[in-house]
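Note that the protein sequences, when read in sequence, are chains R and S. Using our numbering, the first residue of the first sequence is number 14, and each one after it goes up by one. Using our numbering, the first residue of the second sequence is number 14, and each one after it goes up by one.
It should be emphasised that the hints constitute simulated quantities derived from the structure, not laboratory data.
Intra- or inter-copy, both count: the list cannot distinguish identical chains.
Calculated cross-link-like contacts (lysine-lysine; reagent style BS3-like; alpha-carbon spacing at most 30 Å):
#1 K69 / K16
#2 K51 / K301
#3 K301 / K27
#4 K123 / K165
#5 K165 / K301
#6 K272 / K123
#7 K313 / K16
#8 K123 / K301
#9 K313 / K27
#10 K301 / K115
#11 K296 / K209
Quick caveat: nothing in here was measured; it's all calculated off a predicted structure.
There are 2 protein chains.
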Amino acid sequence: MKKLVCGVDLGGTKINTGIMDSDGNILYNVKVPTEADKGPQHVINNIKKSIIDSLKNTKLEIDQIAGIGIGAPGPLNADSGVVECPPNLPGWIDIHLVDILKQEFNTEIKLNNDANAAALAEHLFGAGQGIDDMVYVTVSTGIGGGAIIGGKLYNGANSNAAEIGHHSINFDGPRWCNCGNPGCLESYASGTSLVKFAKKYIESGRDTILKNIPMDELKAENIFDAAKSGDELALKLIENEAFYLGVGIVNIMAFYNPKRIIIGGGLSSQWDVLYDKMMKTVKDRALKPNREICDVVKAKLGGDVGLIGAAALVL
Amino acid sequence: MKKLVCGVDLGGTKINTGIMDSDGNILYNVKVPTEADKGPQHVINNIKKSIIDSLKNTKLEIDQIAGIGIGAPGPLNADSGVVECPPNLPGWIDIHLVDILKQEFNTEIKLNNDANAAALAEHLFGAGQGIDDMVYVTVSTGIGGGAIIGGKLYNGANSNAAEIGHHSINFDGPRWCNCGNPGCLESYASGTSLVKFAKKYIESGRDTILKNIPMDELKAENIFDAAKSGDELALKLIENEAFYLGVGIVNIMAFYNPKRIIIGGGLSSQWDVLYDKMMKTVKDRALKPNREICDVVKAKLGGDVGLIGAAALVL
Numbered sequence: 014m015k016k017l018v019c020g021v022d023l024g025g026t027k028i029n030t031g032i033m034d035s036d037g038n039i040l041y042n043v044k045v046p047t048e049a050d051k052g053p054q055h056v057i058n059n060i061k062k063s064i065i066d067s068l069k070n071t072k073l074e075i076d077q078i079a080g081i082g083i084g085a086p087g088p089l090n091a092d093s094g095v096v097e098c099p100p101n102l103p104g105w106i107d108i109h110l111v112d113i114l115k116q117e118f119n120t121e122i123k124l125n126n127d128a129n130a131a132a133l134a135e136h137l138f139g140a141g142q143g144i145d146d147m148v149y150v151t152v153s154t155g156i157g158g159g160a161i162i163g164g165k166l167y168n169g170a171n172s173n174a175a176e177i178g179h180h181s182i183n184f185d186g187p188r189w190c191n192c193g194n195p196g197c198l199e200s201y202a203s204g205t206s207l208v209k210f211a212k213k214y215i216e217s218g219r220d221t222i223l224k225n226i227p228m229d230e231l232k233a234e235n236i237f238d239a240a241k242s243g244d245e246l247a248l249k250l251i252e253n254e255a256f257y258l259g260v261g262i263v264n265i266m267a268f269y270n271p272k273r274i275i276i277g278g279g280l281s282s283q284w285d286v287l288y289d290k291m292m293k294t295v296k297d298r299a300l301k302p303n304r305e306i307c308d309v310v311k312a313k314l315g316g317d318v319g320l321i322g323a324a325a326l327v328l
Numbered sequence: 014m015k016k017l018v019c020g021v022d023l024g025g026t027k028i029n030t031g032i033m034d035s036d037g038n039i040l041y042n043v044k045v046p047t048e049a050d051k052g053p054q055h056v057i058n059n060i061k062k063s064i065i066d067s068l069k070n071t072k073l074e075i076d077q078i079a080g081i082g083i084g085a086p087g088p089l090n091a092d093s094g095v096v097e098c099p100p101n102l103p104g105w106i107d108i109h110l111v112d113i114l115k116q117e118f119n120t121e122i123k124l125n126n127d128a129n130a131a132a133l134a135e136h137l138f139g140a141g142q143g144i145d146d147m148v149y150v151t152v153s154t155g156i157g158g159g160a161i162i163g164g165k166l167y168n169g170a171n172s173n174a175a176e177i178g179h180h181s182i183n184f185d186g187p188r189w190c191n192c193g194n195p196g197c198l199e200s201y202a203s204g205t206s207l208v209k210f211a212k213k214y215i216e217s218g219r220d221t222i223l224k225n226i227p228m229d230e231l232k233a234e235n236i237f238d239a240a241k242s243g244d245e246l247a248l249k250l251i252e253n254e255a256f257y258l259g260v261g262i263v264n265i266m267a268f269y270n271p272k273r274i275i276i277g278g279g280l281s282s283q284w285d286v287l288y289d290k291m292m293k294t295v296k297d298r299a300l301k302p303n304r305e306i307c308d309v310v311k312a313k314l315g316g317d318v319g320l321i322g323a324a325a326l327v328l
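Okay, chain R solo, but in the shape it has when bound (with noise of 0.2 Å):
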């Protein structure tokens, strides 16, 4: 009989929750809004609420389920249960997260990092089934990473391996990233990061289409649709882009030499655009075994990985 799991996706603005079988399929999920605004205990309830709603819609009892994964933002300690101090969750200082469901659901549950999780769920289910060694990258607002390393999830001495965003590229890069390590990729390659070279040059007085948006509503698909329509800023900026996230790859290759690593999140709709341009640097720059016996493919979950990850903790 296939085992049943809940798993829930824990973000700074909503939670996706719900129940998958062991074979990945989602049999029902809810997103709810986090209102993480309102603090730890607020955004617990819902939580609670959102995994209650989740079994009272497939008509299960707690111990008809296998158990609860929470994927959530790090920095968090797996094997403890306690989410530390992610930025984006304030307020949340140490919250021992485990602990406080178990006291409300009698299941085993387990915590992880959002993009280990993901990780895990591409493994699984995704773009990695079969591949023992891959690195699976998510490029948006932020950038996050997981390993899996001989078939199983690699956490690291306290759940924070593969925080592959945070690595510099370049020791003298700018200190714009809350990681306090400057040059770090995400810092050069996110999403955000795409916006913040877009302003510079605009507030620099460079001539561009992009000068039509208000500056605080720039987003990313902002600067890919302008490079789409041939504006030389944007195509010189997604050129750039391209370029770093290859810099990263090369060095993912030269830590894990995975056999594959796997890019989603939000950039990776960008793939036709990116691939090309990014897989240039990583000829140019690679160790040849190293870069010979990986491939770099788009991530195939959608926008549940997160969610799935978060339930395969469980399988």
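Following the hints, complete the assembly by docking chain S onto the known chain R.
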């Protein structure tokens, strides 16, 4: 009863071969010149002779040892036992070293990267005992690395994991490393690079006592000596060296989230000069949870670390 194993540390200039017991004690070892310039067949004969010599001097027959482990310069393939094309072994292109030696020695034979072997040695018998998630870095003429993950040597998809020396810490950095990746850690922080930076300053007319040394004889230890006598340029070079190593450590922490990082190789003999400066950079830049869980220590095993690691491959 203790197992006995044979180890071969194949380097560009010498081969260190010996017999070790399962507690990491070397019972006998012999160092012979590699004579790499005479080509693969000659080097392989030197390896064979050194193995026969080791067995003879310990009065062992081949069936009395559990196997032969070989640590060799990469790139190589540990699974297939093939040495691919190491820059410091001219003429070695896809040499099936394990198969060739098996024709002579009827025992288990294993091959791995020399830095991986050294990582295993430090894990089993040195500064990494009891630490399941650790990274070993050797800083010498080059920079190599090896990762122990979940208590096991992590090889990656084709035995080229933890190529830490060739991850870029500045995508715009110097291109003087033959790995092809501009600004790789090795091109900033190896002993060779330390000397290169010194020469660049001297050529630009910078005043320093290092000018008294003929340029083609200048070595890393001269720079450390000059710094100890208060030479300003040398002090600045050491400061930079420690900074670059710190940046490398920060990135290792972000990727692997290890419990311990162990630094070996020639430059680790300058531990007291480098440590505080290096750790200042780590404190300034590394993610807090990754930094707090991890200590950075000096390697314990000395010049025979390669031999011990090679032998340990068959334990």
